[in-house]
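Undergrad: Sequence:
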Amino acid sequence: MMSRPLWKRATPIAMLLLVGCATSPLPESTLELEPLVLEAQGQKVVEVDARERFQVAADAYARGRHSEALRLFQDVARLFPDSKFAPHALYNAGLALVQLQRFDEALSVLADARERLDADEDRFDALCQLGTCYEGLERWQDVRGVMRQVLARKGLNVRDRVEARIRLGLAFHRLGDWAQAERELDLALEEHRKNPGVPSLKNNPWVARAQFVIGEMYRELFRSIQFRLPVEAMERDLSDKSSFFLKAQTAYLQAIRLSTKPWSVGAGFRLGELYEAMVEDMMKAEIPADMDETDRRIYFEELKKYVRPMVERAVDIYQRALQMNDRLGGAEEWSKASEAGLDRMQRMLEAELREKTDE
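Numbering of the sequence shown is given in my numbering, commencing with residue 24 and proceeding in unit increments.
Derived from the structure by calculation, the hints contain no laboratory data.
Note that CB positions come from ideal geometry on N, CA and C, so glycine has one too.
Don't take each hint at face value.
Said to hold, decoys possible - Lysine-lysine pairs mimicking BS3-like chemistry, simulated, CA-CA at most 30 Å apart:
hint	residue 1	residue 2
1	270	217
2	328	270
3	359	225
4	284	359
5	107	177
6	270	327
As the list claims (entries may be wrong) - Label pairs and their computed distance ranges (CB to CB):
hint	residue 1	residue 2	range
7	180	309	18 to 26 Å
8	164	221	29 to 37 Å
9	254	199	29 to 37 Å
10	82	141	36 to 44 Å
11	174	128	23 to 31 Å
12	222	142	24 to 32 Å
13	131	171	21 to 29 Å
14	257	180	49 to 57 Å
15	200	374	40 to 48 Å
16	174	134	48 to 56 Å
17	179	307	44 to 52 Å
18	373	218	46 to 54 Å
Kindly generate the complete structure, drawing on both the sequences and the hints.
TA: Listed below in structure tokens is the structure:
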């Protein structure tokens, strides 16, 4: 069996049941008649063939007609419950429900299919799809449990292992265990770096998401620090805030370099927002209460000189994020956020220019 992406197993797994080799007739002793039933359709009674109904369902699924495929696969499982088609029809019905984002229903269908499937590989596929359902329902403890089962499987290929570990890290992140989340994500990214020759890991969206989420964690830590007096505390805050800034920036840049939607575009926006937030926090920094008006004016004039390059940098980054979305597409929310950020930073530069003109 060819290695298939763990999280992209959205093609019905029983296609092998649909066709035989036309040029190789089977010995008569091995021929097996396909199950048939009679079904009422309005005023007519028609003969239903299990193989034919399954094939029509699989074709509908392949063409993206998931509601139709769901109905047809359910028909196969209902009309031919004891046939070899039934367990695979159940699994494929579960896949259709996942595509329709009906995760609660998909859970019970996939769990039933997993119990009835014979092949270990097929049961493993069903387990993976259960993990997808738990993610859709934001049941992060269940996601964590499934991903641990996946990682415990012997013979897991590199891509499956990297993606499963990333999903485990994302579950820890959503559960609030950021330290463990970073450990899992770092392990996955390290394995990704060690396997540059694996085609399926090139520009992999899960790798980009892992880099993005690491950036998000450090961005939150960066935003949690505000510049407060006394000066000694402010110096310490500046050191910590700058450290978190650089770590977030590094992670976002890594995500951007992967050129994978939507996470690369999102990372571009977040990077621009990072510079914008630093400007905002510096402008809001506490100043001594005894500073007179003249000293205040001088202080803010000098501060503006310091932050202006950061504003210009934010403008450049937002523009690049918009250009990336034009190229990659599929990240409209991030693109709109970048447009809003670009507008804010450009207005700040225009306001400064007006102040200089008024002088």
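Undergrad: Could you run down the list of hints and mark each one as holding or not?
TA: Status of each hint after checking the structure:
no. : hint                   : in the structure
1   : 270 to 217             : holds, 21 Å
2   : 328 to 270             : holds, 25 Å
3   : 359 to 225             : holds, 27 Å
4   : 284 to 359             : holds, 15 Å
5   : 107 to 177             : holds, 27 Å
6   : 270 to 327             : holds, 25 Å
7   : 180 to 309: 18 to 26 Å : violated, 54 Å
8   : 164 to 221: 29 to 37 Å : holds, 30 Å
9   : 254 to 199: 29 to 37 Å : holds, 34 Å
10  : 82 to 141: 36 to 44 Å  : violated, 24 Å
11  : 174 to 128: 23 to 31 Å : holds, 27 Å
12  : 222 to 142: 24 to 32 Å : holds, 26 Å
13  : 131 to 171: 21 to 29 Å : holds, 22 Å
14  : 257 to 180: 49 to 57 Å : holds, 51 Å
15  : 200 to 374: 40 to 48 Å : holds, 43 Å
16  : 174 to 134: 48 to 56 Å : violated, 20 Å
17  : 179 to 307: 44 to 52 Å : holds, 49 Å
18  : 373 to 218: 46 to 54 Å : holds, 48 Å
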